[in-house]
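Visitor: Chains as they are written, first to last, in the numbering used here: chain G, 7 to 522; chain F, 83 to 622.
Mimicking EDC-like on lysine to aspartate or glutamate, the simulated pairs with C-alpha atoms at most 20 Å apart in a straight line are:
| hint | chain 1 | residue 1 | chain 2 | residue 2 |
| --- | --- | --- | --- | --- |
| 1 | G | Lys289 | F | Asp425 |
| 2 | G | Lys402 | F | Glu334 |
| 3 | G | Lys453 | G | Asp469 |
| 4 | G | Lys402 | F | Glu331 |
Which bits of chain F does chain G cover? Going by a derived footprint, with three or more residues having C-beta under 8 Å, they are:
| hint | segment |
| --- | --- |
| 5 | 328-339 |
| 6 | 353-360 |
| 7 | 363-370 |
| 8 | 386-399 |
| 9 | 474-488 |
Hints are computed from structural coordinates only; laboratory data are not their basis. All figures in this text were calculated on a predicted structure; none of them were measured in a lab. We put the beta carbon where it would ideally sit given N, CA and C, even for glycine.
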Amino acid sequence: MSKKVIWSLIILIALLVRTYDLPHGLHFFESTIGWRAQNLLNFGKDEFGRALPIIFSNWQKIELPLPTYLTLPFVLIDKTNPFLLRFPFALLGTLSVFAGMLLSKKLFPERKHLDLYTGLFLAISPGLIGQSRTTSPELVFFTLTLWGLLFIINKGKYSYFGSCLLFLSFFTSDISLFVLPVLFLVLILLGVEKKKILIAAIGFPISLLLLLSASGGLESLINNNFSLLQNRGILDDVNKIRGEELARGSPFFAKIFFNKLFYIIKISENFLSHINPSFIFAKGDGNPLNGNSNFGPMLVVTLPLFILGLFRIPKNKHFLLLASIFILSAIASLFMLSAPYTNRFLLALFPLTLIAGYGLTLVPKRFVPIVLFAVFFNFSVVLYDGIFKEKERGKKTWNPETYNLALKLKGEYSGKKIWVTDKIDPNPGPTIAYVAQVPYTDTNLAKEKNIYRAWVSKIKDIDIGNIASYSQDSQNFNLVLISKEDIPTIKDQKIFSCKWDEIEKDLSANVYLKCI
Amino acid sequence: MKSKILLVAILLLAALLRFWKLDQYPVGLFGDEVDVGYQAYSLLKTGKDYMGQTLPAYIHSLSEWRAPLFIYATIPSIAIFGLNEWGVRGASAFFGVLGVLLMYLLGKKIWNEKIGLLSAILLAILPWHIHYSRAAFEVTLLLDLVLAGTLFYLNSAKNTALLSLSAVCFALTFYTYSTATLFTPLYLMLLCLIRKDHFNRKSLSIFGGIIGLLLIPFLFQLFFGQAGGRFSQISVFSDDTLIDRVNIERSETGAPSERFFHNKFVTWGEAVLANYTRTFSPEFLFINGDPNPRHNVPQTGVFLWSYSILFLAGWLAFSKTKNKTLLLGWLLLAPIASSLTRDGGVHATRLFVMVPPAIFLASLGANYLLEKRKLLFILTLSFLIFNLSFYIHRYYTHYPLQQFRYWHYGFKDAMQSIAANQDKYNSVFINNTKEPALLHYLFWTKYDPARFQKEFAGDVGQDKIYKDFNGFKLGGKVYFGEFLGEPFNFIEKGEMYLGAQGKEIPGDWDLSKSAPENIEVINVTKNPRGLPVYSLITIK
Numbered sequence: 007m008s009k010k011v012i013w014s015l016i017i018l019i020a021l022l023v024r025t026y027d028l029p030h031g032l033h034f035f036e037s038t039i040g041w042r043a044q045n046l047l048n049f050g051k052d053e054f055g056r057a058l059p060i061i062f063s064n065w066q067k068i069e070l071p072l073p074t075y076l077t078l079p080f081v082l083i084d085k086t087n088p089f090l091l092r093f094p095f096a097l098l099g100t101l102s103v104f105a106g107m108l109l110s111k112k113l114f115p116e117r118k119h120l121d122l123y124t125g126l127f128l129a130i131s132p133g134l135i136g137q138s139r140t141t142s143p144e145l146v147f148f149t150l151t152l153w154g155l156l157f158i159i160n161k162g163k164y165s166y167f168g169s170c171l172l173f174l175s176f177f178t179s180d181i182s183l184f185v186l187p188v189l190f191l192v193l194i195l196l197g198v199e200k201k202k203i204l205i206a207a208i209g210f211p212i213s214l215l216l217l218l219s220a221s222g223g224l225e226s227l228i229n230n231n232f233s234l235l236q237n238r239g240i241l242d243d244v245n246k247i248r249g250e251e252l253a254r255g256s257p258f259f260a261k262i263f264f265n266k267l268f269y270i271i272k273i274s275e276n277f278l279s280h281i282n283p284s285f286i287f288a289k290g291d292g293n294p295l296n297g298n299s300n301f302g303p304m305l306v307v308t309l310p311l312f313i314l315g316l317f318r319i320p321k322n323k324h325f326l327l328l329a330s331i332f333i334l335s336a337i338a339s340l341f342m343l344s345a346p347y348t349n350r351f352l353l354a355l356f357p358l359t360l361i362a363g364y365g366l367t368l369v370p371k372r373f374v375p376i377v378l379f380a381v382f383f384n385f386s387v388v389l390y391d392g393i394f395k396e397k398e399r400g401k402k403t404w405n406p407e408t409y410n411l412a413l414k415l416k417g418e419y420s421g422k423k424i425w426v427t428d429k430i431d432p433n434p435g436p437t438i439a440y441v442a443q444v445p446y447t448d449t450n451l452a453k454e455k456n457i458y459r460a461w462v463s464k465i466k467d468i469d470i471g472n473i474a475s476y477s478q479d480s481q482n483f484n485l486v487l488i489s490k491e492d493i494p495t496i497k498d499q500k501i502f503s504c505k506w507d508e509i510e511k512d513l514s515a516n517v518y519l520k521c522i
Numbered sequence: 083m084k085s086k087i088l089l090v091a092i093l094l095l096a097a098l099l100r101f102w103k104l105d106q107y108p109v110g111l112f113g114d115e116v117d118v119g120y121q122a123y124s125l126l127k128t129g130k131d132y133m134g135q136t137l138p139a140y141i142h143s144l145s146e147w148r149a150p151l152f153i154y155a156t157i158p159s160i161a162i163f164g165l166n167e168w169g170v171r172g173a174s175a176f177f178g179v180l181g182v183l184l185m186y187l188l189g190k191k192i193w194n195e196k197i198g199l200l201s202a203i204l205l206a207i208l209p210w211h212i213h214y215s216r217a218a219f220e221v222t223l224l225l226d227l228v229l230a231g232t233l234f235y236l237n238s239a240k241n242t243a244l245l246s247l248s249a250v251c252f253a254l255t256f257y258t259y260s261t262a263t264l265f266t267p268l269y270l271m272l273l274c275l276i277r278k279d280h281f282n283r284k285s286l287s288i289f290g291g292i293i294g295l296l297l298i299p300f301l302f303q304l305f306f307g308q309a310g311g312r313f314s315q316i317s318v319f320s321d322d323t324l325i326d327r328v329n330i331e332r333s334e335t336g337a338p339s340e341r342f343f344h345n346k347f348v349t350w351g352e353a354v355l356a357n358y359t360r361t362f363s364p365e366f367l368f369i370n371g372d373p374n375p376r377h378n379v380p381q382t383g384v385f386l387w388s389y390s391i392l393f394l395a396g397w398l399a400f401s402k403t404k405n406k407t408l409l410l411g412w413l414l415l416a417p418i419a420s421s422l423t424r425d426g427g428v429h430a431t432r433l434f435v436m437v438p439p440a441i442f443l444a445s446l447g448a449n450y451l452l453e454k455r456k457l458l459f460i461l462t463l464s465f466l467i468f469n470l471s472f473y474i475h476r477y478y479t480h481y482p483l484q485q486f487r488y489w490h491y492g493f494k495d496a497m498q499s500i501a502a503n504q505d506k507y508n509s510v511f512i513n514n515t516k517e518p519a520l521l522h523y524l525f526w527t528k529y530d531p532a533r534f535q536k537e538f539a540g541d542v543g544q545d546k547i548y549k550d551f552n553g554f555k556l557g558g559k560v561y562f563g564e565f566l567g568e569p570f571n572f573i574e575k576g577e578m579y580l581g582a583q584g585k586e587i588p589g590d591w592d593l594s595k596s597a598p599e600n601i602e603v604i605n606v607t608k609n610p611r612g613l614p615v616y617s618l619i620t621i622k
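Can you make the complete structure from the sequences, with help from the hints?
Guide: Laid out in structure tokens, this is it:
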């Protein structure tokens, strides 16, 4: 089989596993982007009514613009199709596999088949697949950075294209602000022209200014990237141990050993948590939004190959670049209260898969088919689990109930007064608005400023909230969706003015009530 | 000459870190330690273990069957120091220092004198090794046997005597700690692989013959006795929760394909791989170590943080070093046995055989820094010194305050006050529900093992064995168990009761400060924070 055919096969596998059987339901990160894209296409405005903005606000963070604008051509085809909303990310995920193959060929031309192995491992990496199946800004960052690197390390006329891609990378995810500046320093050390780097680096201040200029931007930046420094727990621990020292009458030791240096320990712990083989190869971060929650971002059978490669690759001149990319990927989570996160660590998948691929090139030829069989068996276990088991585990993330409700509201309950609990899905508004293609003017957001943590609590006649907040309300709703946990509150407090009849239960035993 | 002085200094440092205040830190002798001590005492006095077996090949303890070598090896220190902390822990500390010497010799043999010295110093100050050398754990002896076996083996080309010694050492590992049952055969295969030229028909038959011969009693115990019992208790293969998981996963869809993906073998494989990968996690190595507070100081890894720099440097130096297969093979084989057990991925005791290859890797790193990155070496050294002093401070200051309970603190004082007073009373009642107390009683009262072997009829509790006391009896007047209610209302004149805080005595009620009117407080044992743990009382 010619190499081109194998390349095409790998790309095909990559695309297939990124697009087949996407999760039923939508996380509110996704539906927010979809709904925003609808509004941008219909009115040229975002959900807050701002004309073609370059910075967005989601309920949990301030978002950089590129991921949203990427979806526009696809949402234009069908404005309420979740597959099309996610498709550009699947496409970028596949392109990242292609970039990985080209880059490994460029860096290690002497290793026969390394490009194929790296490509294969990237194509079937559970972590990268997971990120490619949702609207992940980190995936966009990963792909652009990889392509950017590929071009920028070339000496030809296209190398400036690499600068442009790296420039654009700054507008994908806030992790770019941590990773790219240091990556640029490494590239300068490795002899990449400073002019090219400078062009890309212009993105840094612009992106940072954009984030900080948004209302609540600084708060979002701190909450989502420096949560460690906000935590009182470390200081409380230090004070507790100091108390023990003082009780012993040794304040000297208390000050020398127990002080704010503990933050450095915690930061080091965060860094080292990324080198955990259990995280990389076995368990992952357990968040379904970041990939299959039962597996690590890499297949476990690639671990021996990785070890093999790891002990041989330091001899190579490109080792410094690979090691730097790995370390940089961990930098993005250094100041978080807990680490690691697969999505923030995504860039590390390139050196990891390349080193595992390198290990495979060292395996005697006659054993390669056996190794590949083990790899495919491992992948089939992951695939099977993803298709049949992950759906159940990921329910709380993908919220299929909210999506089903949204379809119901779009159809039979259109124009009726509805009340929806926020216990099933913490932020169901964007999904309801996305599915029903609600104009931004029909929600409470139109009256809000573009503020951090603003959330959709009213869509036309649909109210969303905590059941306790409606306890004094005498409005008549035609339909109420409550969770299992809400049932005692409803019964005890006679919250709504009419009698209710249970008309339906969904799979998680959440209840639809109808006023009679 | 200079290196000899350095070696002596390192050994002195190792001895200081292992012997200094050995009787006080860790703060108490926990159950397994008193078991070792009393078994050794029994063997010393009677030639039998305390359950009455004469010079056993596997030792019968109250709760389990134990590998015998470490207990036999403790007999000399019990004979010298007596039945106390020094007697029990002295052997372990000695093996700890011996391990440092063996690391030097092996490092020198495999690489050079410099690596030998670096290995010795890095082992001497290693928290993992210090911790296990200061308590009566078998693994310091196991490590010495593996190191000595390897050293003799590598020196044994054309020397049958050394090859025989090597075989003896490796055979003895099977009698030391259960991990060896799997580790030693795998490791021997590795050694044979790297020194194929060592063997001709004669030497192979000597090596194999000695091991085979010495293993006969062990194999007998393994297949017909109790040697395999412990493994079957702790192995992932007997973990019912894994089988439950398979059943749950299968029932989720009910599809026939479920059997292919969810079966015992896949689930066991997952469990073993998860354990294996956890072993190499920074969480275990540098951050929190073994979650069992008896196995290391909490919030401290098994290695100091600064070792991570040395490992990294060692990895960089690795490709240019010799004997790569031995080093890497040893490092990768060492966790296999432990990963077959529940929580084996972070079990510092079962993983102890990975200490030498890890230390060698760190030594290669230190050597690399010393030769090529002097400034970084000085910075790492400064960090290492700070790191070590921080660890020592934590070990001697905070560890006793925070984890005394795991070391069964309080039994010594409580049992010694019973020993001092029991002759005056007709009956002695001892709480046995907070922690099993029988062995602590035997140990701290220096109970005659011959008498115990005659008197002991089992430790299974009986209802109302004496009035309202549930438990079992030893000899004529000592009862272990718990009263069915408030003990102050049950004990009578001529009876003495050792009550446990949190059991019979609620909260932090300090009987030495305020006791019921009818109660005479003989002794109140307090923990390192000054709160009562045990109270010895009688009726006025």
